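Engineer: Generate coordinates for the entire structure from the input sequences, incorporating the hints supplied.
As a plain string of letters, each chain reads:
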Amino acid sequence: MSARILVVAEHDGKKLNPSTAKCVSCARALADAEINVVVLAADAAAVATQAASLEGVARVLTIENAANLHPLAAVLAPQIVAVAAPFTHLLGPSTTFGKDLMARVAGLLDAPQVSDIMAIESATRFRRPIYAGNAILTVESSGEGKLVGTVRMASFEAAGAGAAAAAIEKAAVSVPLPTHTRFISVSAAKSDRPDLQTASRVISGGRALGSADGFKILYSLADRMGAAVGASRAAVDAGYAPNEMQVGQTGKIIAPELYIAVGISGAIQHLTGIKDARTIVAINKDGEAPIFEVADFGLVGDLFQIIPEIERLVS
Amino acid sequence: MKRILVGIKRVVDANVRIRVKPDGSGVVTDGVKMAINPFDEIALEEALRLKERGAAEEVIVATVGPADTQQQLRTALAMGADRALHVQADGVIEPLTVARAMLKLIEREQPFLVILGKQAIDDDNGQTGQVLAALWNRPQATYASKLELSGETARVTREVDAGLETIEVDLPAVITTDLRLNEPRYVKLPDIMKAKKKPLDTLTFSALSVEPRQQLKLVRFEPPPQRQKGVRVKDAAELVDALRKKGLL
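As you go down the protein sequences, you meet chains A and B in turn.
Residue numbering for the first sequence follows the working numbering, beginning at 13 and increasing consecutively.
Residue numbering for the second sequence follows the working numbering, beginning at 250 and increasing consecutively.
A few of these clues could be false.
[Unchecked claim] Derived DSSO-like pairs (lysine-lysine); straight-line CA-CA distance at most 27 Å:
(1) B:495 / A:297
(2) B:353 / B:251
(3) B:445 / B:251
(4) B:466 / A:158
(5) B:353 / A:158
(6) A:202 / B:395
(7) B:483 / A:297
(8) A:297 / B:494
(9) A:228 / B:270
(10) B:483 / B:495
[Claimed, not checked] Only some residues are given here: those of chain B computed to face chain A with a beta carbon under 7 Å:
(11) 391
(12) 461
(13) 470
Simulated from the structure, these hints should not be mistaken for lab results.
A quick note: this is a predicted structure, and the numbers were derived from the prediction, not measured.
The C-beta atom is built at its ideal place from N, Cα and C for all residues, glycine as well.
Structural biologist: If you want it as C-alpha cells, here you go:
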C-alpha cells in the first residue's frame, strides 16, 4: 500500500506558515506518497490557495469553523481525527503549534508518534534526534495503523511552487468540539525583521550583552544585514530578550545560511539549536568557550567593539 | 481532597555528555548520573507552590520506570511531595503507555490538576502530556510559563513560537511546563531524612490493567555528524572579508 499523507497546515488565518512547506518536503521523501494538506480555519480560502500551490501537493482539504479562529489543540484535534480515516501518515511541523497539536491527535487515534523527524527512509523508517541532538535514533513502525509525526524544521527546505494548483475540497466535519479550552490573547512583539525560523541570516546574543539595551547593537547590525535576531537561554532568562527569540533545545531549532553567535558560550542545549546552520561565526571574549568548537570562524575579543565595527564594514 | 498529580521521569542528568554505545544499541547509561527530568522538577515545584498558597491539599508524584526510579521519587518527596506512586516497568516505555498508566492513576486519585514537564531531555518526544489530555478528554495547556488558578478554571500563559499566548482551561486539566515557569527549590538534608518516611507505593501495569505496547522499534543509535573545527580570525575586518568571500555578506 502506498502512503497517503495528511499534512496539517500551520497558518495565522491569512498566511500559510513556511513550516507547512517544510512538512510537504518531508512527505515528498516518500516517492509514491499522495500528499494532502488540511487547513483548519474560520475562513480557509486564502490559506488553502497558498497550500494548493505547493509542489507535490495532490489535494487540499479545508475544515471551516468559527471555533478554528485561534489554533487550540483540544479544538482542532477531533476535527483532524474526523478526516483521518483514509490516511496512513499524519504530519505536522515540530513548532509549538504542531508539537502541541499532533500528540493530541496521536492520543485520540491511539497511534504512535515519531517526534522531530529529520529524515524519512521509508514509509515505516525514520531518523530523529534525541538527547538534545547528541544521538540520532532510527525508529521503525510496524506499518499497521496510522503513524503521526512532527517534522523537524531545520532538516528540510520549504517546498516551492508547483506547476499546477492542487484541488481544494471542503470537508464536512460535524464532531462535537470541546468548549473547555478558550483562547484569551497572544502577545507577539511586532518586528519588521525576518522570521527567526526561516531567516537565512541570524545574529544571536548571550548574557554577555549585559542588558536588553545591550541587545540594541545586535538589532542595529541585524537590520543592516537583513538578519533575524535570536538569543541564548541565559539571555532570555535574564530578561534581555523575549522568549520567542530563544534558540536551542527548548527554543527554536534553526538552520540559517549564516549564524553569528555573539557573547554566547555555547552550552550543549544551545548548540543543538544551531548545528544545522551552514556557517557559524562565534564572537566571544573567552577564547576557550565551547562555541569555538563548532564555529567556522571564531573571533576572540570585546563584542561591544567588534559588533559596531562589523556594522561599519558591511555598510 | 484537592490533589495535584505530578508526573516525573528518571533521565540522564542534563550535565552529562552523552555517548552512543559502539554497537549502536543505545547510549551509555552505566555509571552515569541520573536525575529527575528538569522540566518535571519545574512541574513539581509549581505543584508545591500551589499547595503552599492553599490552592491544593496534597501533591502526589508519579512515575513509570525501572526500580532505580525510586531514587528520583525520594528526591521528589524530599522536595515536598506528600506521597509517591511508582509504576514499575523496564525496557522501552512509549508515551502512549505512560499516558495510559497515568490515566489509571488519575481515575484512582481524582486530581484537579495534572502537571508534567513539556518534554523529557532523553528521548525529547514531548508527547506524554498531550496524549494524556486526549485520553482523559480534558484540556491541555502546554509550554506553561505562568499558571493562575481561579475557581474551576486555570489561566495559563504559554511560550509559543510567536510569543506568549494566554488560554483559559476548565479544571481538571493537564499542564506541561516550560523553563521559565519557576526555579525549583534545592533539597535540604533534613527533608531527605523526612522523605524516607513518606509513603511510596509500587504498582505494576497489570495491577492497573494497562497493556504496555511498543509500537516503534529502536533500530539504531548513532552519534551525530561532527562539525569541522574552523579557523580563528584576528579582527572584524578579517571576519567580514572571509564572509564576503563565501558570499555570505
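Engineer: Regarding the hint that residue 461 of chain B lies at the interface with chain A, is the smallest CB-CB distance below 7 Å?
Structural biologist: violated, 13 Å
Engineer: If you draw a straight line from the CA of residue 228 of chain A to the CA of residue 270 of chain B, is it 27 Å or shorter?
Structural biologist: At roughly 45 Å apart (the allowed maximum being 27 Å), residue 270 of chain B and residue 228 of chain A break the hint.
Engineer: Residue 466 of chain B and residue 158 of chain A were given as a pair; does the straight-line alpha-carbon distance stay at or below 27 Å?
Structural biologist: holds, 15 Å
Engineer: Please verify whether residue 297 of chain A and residue 494 of chain B have alpha carbons no more than 27 Å apart.
Structural biologist: holds, 25 Å
Engineer: Would the hint linking residue 495 of chain B and residue 297 of chain A be met if the CA-CA limit is 27 Å?
Structural biologist: Status holds; Cα separation ~25 Å.
Engineer: Does residue 470 of chain B hold up as a contact with chain A if the rule is Cβ-Cβ below 7 Å?
Structural biologist: holds, 5 Å
Engineer: Verify the proposed pairing of residue 202 of chain A with residue 395 of chain B, using a straight-line Cα cut of 27 Å.
Structural biologist: holds, 22 Å
Engineer: Holds or violated: residue 353 of chain B and residue 251 of chain B, Cα atoms, limit 27 Å.
Structural biologist: holds, 18 Å
Engineer: Checking hints one by one. Is residue 391 of chain B an interface residue toward chain A, by the C-beta closer than 7 Å rule?
Structural biologist: holds, 5 Å
Engineer: Quickly compare the C-alpha distance for residue 483 of chain B and residue 297 of chain A to 27 Å and report which way the hint goes.
Structural biologist: OK: residue 483 of chain B and residue 297 of chain A at ~12 Å, within 27 Å.
Engineer: Against the 27 Å threshold, does the CA-CA distance of residue 445 of chain B and residue 251 of chain B hold or violate the hint?
Structural biologist: Distance ~24 Å between residue 445 of chain B and residue 251 of chain B Cα, so the pair holds.
Engineer: Given the hint that residue 353 of chain B pairs with residue 158 of chain A, does the C-alpha gap stay at or below 27 Å?
Structural biologist: OK: residue 353 of chain B and residue 158 of chain A at ~25 Å, within 27 Å.
The structure does not agree with the numbered hints 9, 12 stated previously, though it agrees with the rest.
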